[in-house]
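Protein chains in written order, with the working numbering: chain G, 1 to 161; chain L, 1001 to 1597.
Some hints could be false.
[To be verified] Covered stretches of chain G, going by a simulated chain L footprint (3 or more residues, C-beta under 8 Å):
{"#": "1", "segment": "32-43"}
{"#": "2", "segment": "85-94"}
{"#": "3", "segment": "104-112"}
{"#": "4", "segment": "123-133"}
[As the list claims (entries may be wrong)] Using C-beta positions, here's what the derived DEER-type ranges look like:
{"#": "5", "chain 1": "G", "residue 1": "K17", "chain 2": "L", "residue 2": "R1255", "range": "55 to 63 Å"}
{"#": "6", "chain 1": "G", "residue 1": "R108", "chain 2": "L", "residue 2": "N1071", "range": "30 to 38 Å"}
{"#": "7", "chain 1": "L", "residue 1": "R1255", "chain 2": "G", "residue 2": "K161", "range": "42 to 50 Å"}
Keep in mind the hints are simulated off the structure, nothing from the lab. Ideal Cβ positions, reconstructed from N, Cα and C, are used throughout, including at glycine.
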Amino acid sequence: MSSIKIELRQEDVAKIKEICTSFGNDEQELINVLHKCQEHFGYLPAEVQEVVSDELSVPVAKIYGVVTFYSFFTMTPKGKHPISICMGTACYVRGAEKVLEEFKKELRLQVGQTTSDGKFSLSSLRCVGACGLAPVVMVGDKTYGRVAPDDVRNIIKEYEK
Amino acid sequence: MAKQKKQLLVCGGKSCSSHNSEVLYDNLCLELEANALENEVSVVRSGCFGLCHLGPVVMVMPEKVVYVKVNPDDTRDIIAEHLIKGRKVERLLYHDPVSGKIIPEEKDFAPLKKQMRIVLRNCGIIDPENIEEAIAHDAYEALGRVLTEMKPADVIRIIRDSGLRGRGGGGFPTGLKWEIAYNNKSDEKYVVCNADEGDPGAFMDRSVLEGDPHAVLEAMAICGYSIGAGKGLIYIRAEYPLAVARLKTAIRQARDYGLLGDDIMGTGFSFDIEIRYGAGAFVCGEETALIHSMEGLRGEPTVKPPFPAESGFRGKPTNVNNVETFACISPIILKGAKWFSSIGTEKSKGTKVFALAGKINNVGLIEVPMGITLREVIYEIGGGIRNGKKFKAAQTGGPSGGCLTEKHLDTPIDFDNLLAAGSMMGSGGMIVMDEDDCMVSVARFFLDFTVEESCGKCSPCRIGNKRLHELLDHITKGKGVPADLDRLMNMSMVIKDTSLCGLGQSSPNPVLSTLNNFREEYEAHVTVKKCPAGQCRDLMEYFIISENCVGCTACARVCPVNAITGERKETHTINPSICIKCGACIEKCKFDAVIIR
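Excised from the complex, chain L in its bound form:
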C-alpha cells in the first residue's frame, strides 16, 4: 500500500450496486491494468457515501474528487484524463442544481456541509473487507486503551457522562443500561447487537455494517469487558446478505489478529462474537422478542421486568444495544465524554444518522448533530422538495412515529422535542411527503404494516390495530362517517395504554399525529367525501369540461363500461355511478377536456 499514489473508491452501497457499480469496479481494474497503473492505483469497494441519488459514485483519493452517476463506460475517461493527464473529467462532476456551479470536491457538497460524521466516520473511506485499513483509521485503539488502562467501572462512567442514549428508538441512557448489566452478578453474561433493522425506509444500520463492521465488533468487545460478558451475539436480518458477508469477514480477520477470541491483546480478557439470523419480523426489534428469536422461538415479547439486563438470553444478564449506539462507543472512549456531550442539545448528545428518502431531491444517508432543525435537513441537506412541490410532512420513527409538519420546521430535532411533537426519534428513517400525499392513506399504509407485523400475543394490538385499519380503509373509500374520527382517537388511546410491548404502544402514533395535524383532511374524507390530495381513488370523480370538449367521441368509444354519453360534435358527459375510474378517457382525450376533481 505504501507505494500506491492514488486510490479509487467505488461506492458498494445498495443503491450504487443496483446501478452497476460492480461492473464499474471491474472496468476500472481492467482499465488500470491496460495502462499498467495497477501497482500505483488501487480500486477499493467502499461502504455507502450517503449520496444515493447521485450513484454510482467514485471518489479519487487523496484529493477527494467525486465523480457522480458514473457509467461503466466512463471509466476510460477517468483513467485517461484524471489519472494520467491530471485533468478532471468535468461532465462527471457534481453540478449544484441551485447555482449550476460545478463542485469537484467532497467537502464542498451542499448535502454534506451541515453534516458531522461520528457513526459513519469510516463509511465510504475504508475498504470494509480489510482490517488493516480499519486499524489505520483507529479501529481497536479504544479497545486497547480500555483493556490496558481502565477498569470496567471507569468505562461505564465515561459512557454515562457522555450522555449517549440508545439509537434504536427508545433513547434509554446507554451508560445506565451497561451499569445495570454490570451490577447483576452472574457467571455468564451476553452482549447483543440489535441489527434487525425492520423500520421500512431506514437503512443506517445496514450501511454501518457494510461500510465499517469493525466499529461494531470493537464496541461489543468494550461492552463485554465493561459488564463482564465473554460472548457477543449479533442479531441481523437475513435480508441483508452483503452486511452478513462483511460481518463474517470482519469477525474472521479480528480473530486472526487476536482482537477477538481468547486472551485479547495478551490482557487475559476473552470475548468472541457469533451471528444469529432474523427471519423477517418487525417485532423482533423489541429486546425480549429479539432474545426469544435468538433462542429459536417465535419472536414474541414478554413482560418487563425482568429486563434483559437481569434475565435475558438463556436466562442470563444480557445487554442489548443497537448498531448505531455501538458505533458511537470507540470515538467516545478516544476523545472523551466531554467532547461527545459538547455536541447536541441538553438531553440528546452526539449525532444521529437519518435515512432521508421520499419526495426530496437529495436522497441518502445523513449524519447530523442533534438539535439541527427540520428546515436545515430538508432544504439545505436534502436540497428541497422534488419537482418544486410544497412540503407537507416528514415522517420520523417509521410505523411507530408520527409526522412533523410545517410548524415544526424550526424545532431542533432531538429525542424529547420529537416526542413532544407527537412523533419519535425511532431508528432514524425520515420520509418526506409533499402536497400530493394524502395523510389518511399514509396512516392506513402504516397500519397495514402494523397489522401484518403484530405478533398476535396481546389483544389490544392484534384486534385494535386491525380495527383501526378497517376504519381508515373505510374513510379512504368514502364510506366513513364523522363519528369515525372520534372512534379512531379513542381506539388509539386504548391500544397505546394497554398493549404489552413497544410495537403496540406506539402503533397508533401515525393515526394520532395525522389526526392532530391534518384533521381537516380527515374531515373532508368523511363529510364531503373528497380527498384534498387527490390520491384516494374511490373519492375521485372524472368530469368533462364542456368548454374543452369538441365531441370527437374518442372517450366514449374507449370507455370500457359505457359510462360516457353524448352526440357527435356535442359535449359529452360521464355518469359517475357507472364510471370505474380506469382513466382510459383521460389518456385518450387530445383536448384536455377530461379532468379528475
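For reference, chain G alone in the conformation it holds in the complex:
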C-alpha cells in the first residue's frame, strides 16, 4: 500500500463519516463515496479507506481493490498544479508523445509523480474531448491547446512564480 503515513485529524474522520452517512452507508454507493472523499482530501490515502471500510462495513481490501482499479482514484497527493497531458488518439497523432517527453525532461518527473516541493505533478489522461485543439495539456482546470514541445517551458514558467 501507500508508503505515505498520515494521521487523520478528528475533523477529517468526522468529514468521512458525514460523507458515508449522506449516501446512507450503502456499500453499493462506494464509488460515489470515494469520489466525494477524493474531492475533499485530494487523494485517497489508506487511512481514509480504513474509515470508509468501517462506515460501509466493506473490507478494506475490497476498497483498496476498487481504488486501484479505477484510474480516476489516486493514493498519492497531486501537486499544487497538476499537469495532465492528453494521450487520446487525436492528440497522439498530432504529437502529444513529444510534448509529454518534454514535460518529463523539464520537470525531471515520471508520469504519476509529484515534484519534491509539491508544486507540480505529472499525469497522462485519455481524451478530454477537445480533439479540435490537439495536442492538449491541462494544468489544473486550465486547458492549453495546440501545444508544441517548445511551448512547454513557458507553460511551466507561468506557474513557477
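Chain G is fixed; fit chain L onto it per the hints.
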C-alpha cells in the same frame, strides 16, 4: 422571450470554452447592456456546433449568420455593426479555404452540407439549461404520445421496425433488446444509459449530454414505459463535469415540470432517473462491467449469459443503451419507423455521429447518414488532409477497431461494411492519419491503451496483450525479426478467440488490420530496420550530405556525445554507433547538410 428579436448563440462546447468562449459570453452580455439592447437580444450558451476547428463560434439567430474564431475583443463589432447597423462583420465570417469565398450562413458551410442531424438535432440550437427551449423544440412530445396513445408492445414494434441498432459499438438491434427486457417478468426493472465514453478521441456522447440532455432523459422514460421499468440510471464519466452539471439541471427541471417522477403527465406511469459516476475505466463500457461498477464493485465483466436483460443491476432485468441510441428514440416515435428506415443502408438505418479528428482540416463533430463514403467524409466534410499531405488511413472504432485505407475510400460506411473491412463502427471516433504516421507505432499506441485498461480478469487479455505490446515495441525499436510478424498474427487470433469480454475480443484488431493493410511497413521495420514514415526514433539515422557541408564545425561542437568528427573546412561525418539522435546538429546546421534517413 416573445419580445426578443434576436439571439446570440455562443458555443459552450469543450473546444470553444477552452478558447475563452466564457469571457466572450460575458463580454457580449456587457456590450448589450451598454447599448441598452439586453431586453431585445439574448445571449445563449449552446451545445457544440461541431465546428471545433473554427472556435469560438457565435451564431446570430434567426438569420443563422455564423461568426468564427471570435475573440472576446470582437464583441463590440458584432453588436455595433451587425445588431445595430445591420451589416455583417466580414472579417469574422467563415472564408472557404478552397474557393476563398466568404460564407456567412450556416446552411452553406461545406462541412455541414453533407450532414443530416437527427441525434444532434438540438445541439447548438437550444440552451441546454432551459427546459422550455427544449420543449419548444418538441422535447417530451414523443413521451406524451407514448404514454397516452400507445401500449408498450406498440413502442417496441416501432423501434424494431425502424431498424435502429445500438450506437455504442456492437450494433445490436435496439428493438430486440427492449423486447427481451420486456418479456422478462419482474417486479423491478432498470433502464441504464451508458455514458461512459472511454474511447480516446470520441466525444459525441458528451456533446449530446452537454447540448441536449432532455433528449436522453425523455428516451429513457420511453424505454422505461416499454419494458416496464420505474427507474433509470445514467452511468457517466467523472471526467465530464460540464455534462454532469447539465444533466443534473435537466433532471431537476424535468421533475419540476412533472415529466419525471411520480404519475408523469397524470397517466399513472412513474419513472425517475439517478446519476452514477464512473471513475475512469475503459472496460466499464462493457455492459456487465458497467453494472458491477454501478454496484460499487471493480468494473470487471462477467460471462454472458445471463444477459443484463435477464439479470442485470441488483440481479434484476436491465436494459443498457448508449447515449446516441437513446437520442434517436424520440424522432423515431414522432416521425415513424418508415421515415427512419428510409435513411441509411440495407442493414444499418439512420445516421451516425462521428468525432472527426487527427490530420484533417475540419476537426469536429459530424452526423452523417449511414452509407456515406469515407471519401465524402474526409474530403468534402473534413476539407481534406492538413498541409496538403497524402491520406494514409482512418482509424474507426478506437482501440477496438481497425484502419480503413485508400482502397476503402469509396466503401459505404455502415456496421457490416466496416466489419468486413477489418474495422468496426465502435462508438464513432474517426482519427485520420497521413503519410507521416507509422502504422506500427499506431498499433503499439492502441495496445499501450489496451494493456493499461485490461481489467486483468482473464489471462488471454491480461498476458496476451502485454506480449503483443512487447513485440510491437521491439519492432519499433529495431529489435524485431521477420518471424515476429507471424507471432503477432497468431497471438492476435488466440486473444480474439479466447478472451472473456468485448475488450479482449477486439483488442488485437488494430494489430491485425495494420498488419493486413500495411504489411510492407512492418517488413521494413524487421528486415532493413527502417521506418518508412520516419517516425520511429530508434530506426532513424542522422547523416551529413557532403555536398552541403562546408566544414564550419558547428555541429561537432554542439554534439553532446562527440559523435561528429571532421577537420575544419572539410566534410564532417556522424558515427551512428555513438549518435543518440538528439537532433542538436540539425538545429545548428545553417547549410541543411544534416538529414535524417
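Structure-inconsistent hints, enumerated in ascending order
3 and 5
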